[in-house]
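Number of protein chains: 2
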Amino acid sequence: MTGSLVIAGLGPGTEGLIAPDVMAALEAATDIVGYGPYVERIAAREGLRLHATDNRQEIERARHALELAAAGQKVVVVSSGDPGVFAMAAAVFEALEAAPAYLDLDIRVLPGITAMLAAAARIGAPLGHDFCAINLSDNLKPFELIEHRLRLAIRADFACAFYNPRSRARPHQFARLLDVMREEAGPERLIIFARAVFRPEEDIAVVPLAEAKPEMADMRTMVILANASTRRVGRFVYAPRKAEAP
Amino acid sequence: MTGSLVIAGLGPGTEGLIAPDVMAALEAATDIVGYGPYVERIAAREGLRLHATDNRQEIERARHALELAAAGQKVVVVSSGDPGVFAMAAAVFEALEAAPAYLDLDIRVLPGITAMLAAAARIGAPLGHDFCAINLSDNLKPFELIEHRLRLAIRADFACAFYNPRSRARPHQFARLLDVMREEAGPERLIIFARAVFRPEEDIAVVPLAEAKPEMADMRTMVILANASTRRVGRFVYAPRKAEAP
Chain H
1 MTGSLVIAGL
11 GPGTEGLIAP
21 DVMAALEAAT
31 DIVGYGPYVE
41 RIAAREGLRL
51 HATDNRQEIE
61 RARHALELAA
71 AGQKVVVVSS
81 GDPGVFAMAA
91 AVFEALEAAP
101 AYLDLDIRVL
111 PGITAMLAAA
121 ARIGAPLGHD
131 FCAINLSDNL
141 KPFELIEHRL
151 RLAIRADFAC
161 AFYNPRSRAR
171 PHQFARLLDV
181 MREEAGPERL
191 IIFARAVFRP
201 EEDIAVVPLA
211 EAKPEMADMR
221 TMVILANAST
231 RRVGRFVYAP
241 RKAEAP
Chain C
1 MTGSLVIAGL
11 GPGTEGLIAP
21 DVMAALEAAT
31 DIVGYGPYVE
41 RIAAREGLRL
51 HATDNRQEIE
61 RARHALELAA
71 AGQKVVVVSS
81 GDPGVFAMAA
91 AVFEALEAAP
101 AYLDLDIRVL
111 PGITAMLAAA
121 ARIGAPLGHD
131 FCAINLSDNL
141 KPFELIEHRL
151 RLAIRADFAC
161 AFYNPRSRAR
171 PHQFARLLDV
181 MREEAGPERL
191 IIFARAVFRP
201 EEDIAVVPLA
211 EAKPEMADMR
221 TMVILANAST
231 RRVGRFVYAP
241 RKAEAP
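In order, the protein sequences belong to chains H and C.
Take the first sequence: its position 174, counting from 1, is numbered 174 in the numbering used here, and each next residue is one higher.
Take the second sequence: its position 135, counting from 1, is numbered 135 in the numbering used here, and each next residue is one higher.
Hints are all accurate, no fakes.
Below, in silico cross-link-like pairs of lysine-lysine (BS3-like), each with a Cα-Cα straight-line distance of 25 Å or less:
(1) Lys141(C) x Lys242(H)
(2) Lys213(C) x Lys141(C)
(3) Lys242(C) x Lys141(H)
If you're looking for bench data, these hints aren't it; they were derived computationally from the structure.
This one's a predicted model, so the numbers in the text were calculated from it and none came from an experiment.
Chain H on its own, in the form it takes in the complex (with noise of 0.2 Å):
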């Protein structure tokens, strides 16, 4: 029997989300591997080993992942959205370049509905326009970069969707980046704090940028600044689609 490898998105956590294919993929599984709480998600089943491990361990759980696949198990590593969106699929990458043996594996990517996509549905279409994503986390690269590429984004007239604003670890960095942004955007700029989407404890509020507080925000919380056409229309966000030069 050979091996294989699946690197699925599982969506914003709803079952209604998950891509048929992706649901084909963990029924054919053997070994699930994946961080704690999205392995959780996977419904237990004779036949089927679940390998849970912690948040930081990504290029160890890609490695191990590789390792049981080249062994002929069917696997399917597991990320919440989408694997590609700072998520498992960088990580396996890098584990095979640093283990080419493994470069004929049969493995695969398997997209998945990622938080900003999931947040946008749900105020509106503050992404209507063009917009980029960037992670806050400074794990893997220095808090400078991340100011300046925000700087960068918002003199583009980005809307910008931010992954991982705000841990315990680094509880002033996300207040740093709200001054940058009014500096840059102006006070009456609108930012959305979208929480947990799509689950019964969702939370969504809509703030101008001069009501914006750093604990709006969670590392369950999605925000996305909007860019400087955005408009409020009843309940909705929207970003039109016409824009002026710059």
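Start from chain H and add chain C according to the hints.
Frame of chain H; chain C shown alone:
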């Protein structure tokens, strides 16, 4: 009976990547509204009316959908990919802003797998680090804004996903943008041309910018300019998770 309007994403074009919640909305619908080729993807059945319209008619289509919902129909507006990314959601909210009498309607957006996530999955993880999405169509914004935004995005070292890269109406603009990319990112930077991903006719090419030609893209192609640290590993292309200071 009260009407409703769901703005739904059909994903990249394979049944296996349509969310179950979207399938359920399609099954409950009385009316499907959308651009012809997307409406054609919906199976006909008794009691379902299909309203296919031309590509440039987004606002008229959106208004028609609101009118049908107000008349008590269960309407689904379909887009390919995600409806919130260069698709119908922004147009519906624009139409809603112009017709606030419809604000009390039951309106929901259901997200989908947008083209850049599907393309990225098929080639590896080129969007595994910070990235942006730019619509290259100049129907609704001046070309100089596109060029300005592209330059800032490359200076921020975002990977750049380009939607609607090229059309018969503006064949020279994409050639000009490739020149801008070479100027800002250098001739060695990788660029991905991913056509009809997850379809039988899928065709993906990865080349350095020096070898990129405008005719490698058409309107069914997702183009992704890699960031500076993106590498090949075997048949895959991925953006490492780590980054250095600017």
